[in-house]
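Trainee: Numbers 1 to 117, taken from my numbering, label the letters of the sequence shown in order.
Keep in mind the hints are simulated off the structure, nothing from the lab.
Backbone N, C-alpha and C fix where the C-beta goes; we use that ideal spot for every residue, glycine too.
Mixed in with the good hints there might be a few duds.
The following label-pair restraints were derived from C-beta to C-beta distances [unchecked claim]: (1) 67 to 108: 49 to 57 Å; (2) 7 to 100: 55 to 63 Å; (3) 24 to 4: 15 to 23 Å; (4) 22 to 53: 25 to 33 Å; (5) 54 to 4: 45 to 53 Å; (6) 77 to 5: 42 to 50 Å; (7) 90 to 32: 18 to 26 Å; (8) 95 to 51: 22 to 30 Å; (9) 20 to 114: 39 to 47 Å; (10) 91 to 58: 45 to 53 Å.
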Amino acid sequence: MWSQIEGLHSNQCPASVLLYLRQYWVNDEWKPLWATYFRQERSIFEESETNMLVEAWHHLLKTYFGDGKRNRRVDHLIHILTVVAMQYFKARHQAQLAGLHGYNLEQTARLDIAKRA
């Protein structure tokens, strides 16, 4: 695919775009960061180089803990984080240890890999 992009005429792809791609995205320094081949023995937390986990946490915070309200006062947010969310995650962890809830993403991925090995 890269060779097709490089083969485009200057009226189809400006030289500055090719230079930018070569410098920041298609070089030996960056390939290991985005090519799946280089990311084998990594956990879900290492695998996510985007803000996916932050977005998921924000969604949980706003919809589950924040009752879907848009804005909260700082004191209420601190209460949610230190009391409500902590109790939820402690209880969830205990339920996982007791076998009442499924594994988290990382444990599920590790078990899946072990099964296929």
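Trainee: Broken hints, numbered, in rising order?
Mentor: 1, 5, 7 and 10
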